[in-house]
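For reference, the chains in residue letters:
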Amino acid sequence: MTRIEVNVDGVAYSDEVEPRMLLVQYLREVVGKTGTVVGCDTSNCGACTVHLDGRSVKSCSVLAVQADGHEVTTIEGLASNGELHPVQQAFHDTHALQCGFCTPGMIMQSVDLLAENPNPSETEIREGLEGNLCRCTGYQNIVRAVQKAASDAGGVS
Amino acid sequence: MTAVEERPAAEIGHPRRRKEDKRLITGRTRWTDNLTLPGLLHLAMVRSPIAHARVTSVNVDDAKQAPGVMAVLTGSDLGEEQGSLPNAWPISDDQKAPPHPSIATDRVAFAGEIVAAVVARSAAEARDAAELVDVEYDELPVVLDLESASQEGATLAHPDLGTNVSATWVFDSAEAGTGSNVDDAIRDAEVTIERTYRQQRLVPAYMEPRSVMVDPTHEQITMWSTTQIPHILKLMLALTTGTSESKLRVIAPDVGGGFGGKLQVTPEEVITLLAAKRLGRPCKYTETRSETMVSGHHGRDQIQRLTLAANRDGSVTGFKVDLLADMGAYLGLVTSGVPILGAFMFNAIYKFPSYRFTCTNVFTNKTWTDAYRGAGRPEATFAVERMMDELATELDMDPLELREKNWIKHEEFPFTTVAGLEYDSGNYEAATAKAKELFGYDDLRREQAERRGSDDPVQLGIGISTYTEMCGLAPSRVLGSLAYGAGGWEHASVRMLASGKVEVVTGSSAHGQGHETAWSQIVADRLGVPFEDVEVLHGDTHIAHKGMDTYGSRSVTIGGIAALRAADKVVEKARAVAAHMLEANPDDLDFAGRQFTVKGTDKSVAIADIALATFAAHDLPDGFEPSLDAEATVDPDNFSFPHGTHLCAVEVDTETGGVKIRKYVCVDDVGAVINPLIVDGQIHGGVVQGIAQALYEEAIHDDAGTLVTGSLVDYLVPSAADLPSFDTDRTETPSLTNPLGVKGVGEAGTIASTPAVVNAVVDALRPKGVRDVAMPCSPFHVWQAIQDASTGGPS
Chain A
1 MTRIEVNVDG VAYSDEVEPR MLLVQYLREV VGKTGTVVGC DTSNCGACTV HLDGRSVKSC
61 SVLAVQADGH EVTTIEGLAS NGELHPVQQA FHDTHALQCG FCTPGMIMQS VDLLAENPNP
121 SETEIREGLE GNLCRCTGYQ NIVRAVQKAA SDAGGVS
Chain B
158 MTAVEERPAA EIGHPRRRKE DKRLITGRTR WTDNLTLPGL LHLAMVRSPI AHARVTSVNV
218 DDAKQAPGVM AVLTGSDLGE EQGSLPNAWP ISDDQKAPPH PSIATDRVAF AGEIVAAVVA
278 RSAAEARDAA ELVDVEYDEL PVVLDLESAS QEGATLAHPD LGTNVSATWV FDSAEAGTGS
338 NVDDAIRDAE VTIERTYRQQ RLVPAYMEPR SVMVDPTHEQ ITMWSTTQIP HILKLMLALT
398 TGTSESKLRV IAPDVGGGFG GKLQVTPEEV ITLLAAKRLG RPCKYTETRS ETMVSGHHGR
458 DQIQRLTLAA NRDGSVTGFK VDLLADMGAY LGLVTSGVPI LGAFMFNAIY KFPSYRFTCT
518 NVFTNKTWTD AYRGAGRPEA TFAVERMMDE LATELDMDPL ELREKNWIKH EEFPFTTVAG
578 LEYDSGNYEA ATAKAKELFG YDDLRREQAE RRGSDDPVQL GIGISTYTEM CGLAPSRVLG
638 SLAYGAGGWE HASVRMLASG KVEVVTGSSA HGQGHETAWS QIVADRLGVP FEDVEVLHGD
698 THIAHKGMDT YGSRSVTIGG IAALRAADKV VEKARAVAAH MLEANPDDLD FAGRQFTVKG
758 TDKSVAIADI ALATFAAHDL PDGFEPSLDA EATVDPDNFS FPHGTHLCAV EVDTETGGVK
818 IRKYVCVDDV GAVINPLIVD GQIHGGVVQG IAQALYEEAI HDDAGTLVTG SLVDYLVPSA
878 ADLPSFDTDR TETPSLTNPL GVKGVGEAGT IASTPAVVNA VVDALRPKGV RDVAMPCSPF
938 HVWQAIQDAS TGGPS
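Protein sequences appear in the order of chains A and B.
Positions 1 to 157 (the numbering used here) are the ones given, in order, by the first sequence.
Positions 158 to 952 (the numbering used here) are the ones given, in order, by the second sequence.
This is chain A alone, in the form it adopts within the complex:
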């Protein structure tokens, strides 16, 4: 077992973990952040996407010990003071989710995408979300949500 110190959604945690434990398992099973979900075992689906020091990572592809000393933001830490993050709001406004299982990862990836490119084209959005699979929406409204979040934030889109 190895001791790690991780800040998750603004709270400092200190835990003993098995070296083989994945970050997503740590978040779900130790910290109780079940908003982050597991959809595959090959890092294809992106459902487990979180931010590590502000950049998106697939938390199934990061060991918990690699997060030692770092900051993790999950879908549960995205809203602040009861206000939805603009990307969360845009997903709601444009009906960008159906079953909602991919949604946490999709939102976290979209936030990262917009941080990198505040005014993406449709093609850039589609390519930026390539690592996140959705089986319900056909992606059309997810693309719209990202466009809406971009334009709400002042981009032209």
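Hints may be right or wrong, so weigh each one.
Claimed, not checked - List time: in silico BS3-like cross-link candidates among lysine-lysine, alpha-carbon distance up to 25 angstroms:
| # | chain 1 | residue 1 | chain 2 | residue 2 |
| --- | --- | --- | --- | --- |
| 1 | B | K434 | A | K148 |
| 2 | B | K817 | B | K591 |
| 3 | A | K148 | B | K179 |
| 4 | B | K593 | B | K820 |
| 5 | B | K221 | B | K434 |
| 6 | B | K658 | B | K730 |
| 7 | B | K726 | B | K658 |
| 8 | A | K148 | B | K176 |
| 9 | B | K703 | B | K176 |
These aren't lab readings, by the way, just hints derived from the structure by calculation.
Let chain A serve as the given structure and place chain B on it in line with the hints.
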């Protein structure tokens, strides 16, 4: 989201943002795998890596000694208690099916079948110990190819059955009295088109892997499961394991997609139930995606031999369909009936005078198949829409003109089809005209001609699909006539609480469809209460005690109507109290905008005040039960028949085989619309699943029966980058079979889009002599088709 949306004049038809979203976009969800209980134990399954073998020994000694292990269960341990997994749809009296134990006892029949289950204190310990279970297999020959499996002398998937043929099912219009003899039509035809199409095997690929948790520590055993069918599951678990139905409670919490893939009674559910009962401790099993791929049921997998007979003027005179359907190794809940659902749809929107459908269900040593979005209807629609394009080519007619020549005219409804269904309504002319205009059909045809003329290496293809489908499964009498094991009704109750808030309980349990929003809209309109005041409860057999669950585009047309009827009964109860309060005759009261008003006066009382008065019960009419609760069970008289016209333009690079969708237009007629946001979303997602079949997905087994597309690395669920945006629009021809005029929309997109895309790909390659491309139309398959056409090889 905190802001209250502007209140519309009517909720029905309003693009309400969904109630469901808040928990889903903030991660405060209740997926089954999120749930835990004190003392929870975890299961891991040991699965056969071999497709067909005698199991000669299962040595669990080392696994039992591993850290944290509480039990290791084998087939012989479970014995008769595990029963045989149910098939609720025996399609013939002499249907053959092997026993289907949850844990194999002496033989495995597909790679992925469970041979042992480990129960341990943590999921990691269970998986570690599962590696220590030592199974010895004596390999048997496998039969994998559907075509050869159906023939005499084939290797047998189940030697004890003596055949691979499970059942044969025939519909003949001459025998049914719905049309003439198809053999005569083919004999007398001026033109016949014969083709064989392959519906490749698909994986439903819902994003949430399956999970099940069972708590046996109460008087009643509670199961949480990632299921579409909590009610059916409860009954089937009782029948399978001998547990009393009244001692079981099944909860489907948040469920992450299903698409038919969670319309099943699974071995994993039975094993987890029995493990929990035996150990007296809560148990949970969550599969990995790799396990989903091999053990969740697959879909499609048919060979269609088709003969279309027609006159030279384009009028079709008969359609003969010979189907081989791959069951895989076992019959799941409705495996055998899936092809039969298609039997009624091969004639689609057309007035074919004669029709025969013959289906042979065949066993192979592969994962068993069952319902996948559309279930039988996408296959049928693909066949007929591809054949209409082939006939158009043969006759040198525009494929839209050919369709119009044969389809049922708007003024001809209601129309009894050659398959024996009565289509109540439809307007194929309107949907097609709108789609043509949006698509720019004539301009694209001109561009196509130019590219053909210049021998452009990138050719343009235009594909058409004028589909219909049968929705709202199903009238119970029809299901009875098809030997299905249950009815097709749906139940709802509506309760007006003392505070004026409303609870709606529906037996149709959602897994992404948005029932909570749509039912709220329906009931808010009927009761005149605010949308926000309606709460929709579902997915727990204790709360929604009756139900037939969610599949077959049935929810709104049956479950939504049940909610409407229950709400109307509440209004009638409230009317009696209102009359008493207003000292008026109930017939003299108008109900509108949440108020009962005495006609011609300003005397009125609000329904919320009636709710409180009923709760207090201090002064009610004599003999009135103090309750504003009502329930309704709706059994539909008929299916509903959505239809539409989908037009697809693709660019095909004839040098690389690459296919790019350039434009996709869909005009769907799903009848009256409760919530256009939700309807458009269903169409988007449905269209993509159909495109995925046309261009990307296929479950492929190697010669030994191992699934080689066993993860999302190899099985190509399309991403956002693989897809275009679609132009969606609607026409609205109300269904006449229910009071809202709704038709159902869950499967329409999937049914429509596959033939639209493949027709487009083939259309692009016609100048190369190509007349078919095997699905999925991958670059390799496209390139292969071009090579075959140029060398006179198979097409």
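Structure-based check of all given hints:
1. B/K434 with A/K148: The given pair, whose Cα atoms are some 51 angstroms apart, is violated under the 25 angstroms limit.
2. B/K817 with B/K591: holds, 24 angstroms
3. A/K148 with B/K179: Satisfied, since the Cα-Cα distance of roughly 18 angstroms is no more than 25 angstroms.
4. B/K593 with B/K820: Cα-Cα ~12 angstroms, so holds.
5. B/K221 with B/K434: At roughly 19 angstroms apart (the allowed maximum being 25 angstroms), B/K434 and B/K221 satisfy the hint.
6. B/K658 with B/K730: Given pair B/K658, B/K730 holds - Cα atoms ~16 angstroms apart, limit 25 angstroms.
7. B/K726 with B/K658: holds, 16 angstroms
8. A/K148 with B/K176: holds, 20 angstroms
9. B/K703 with B/K176: holds, 23 angstroms
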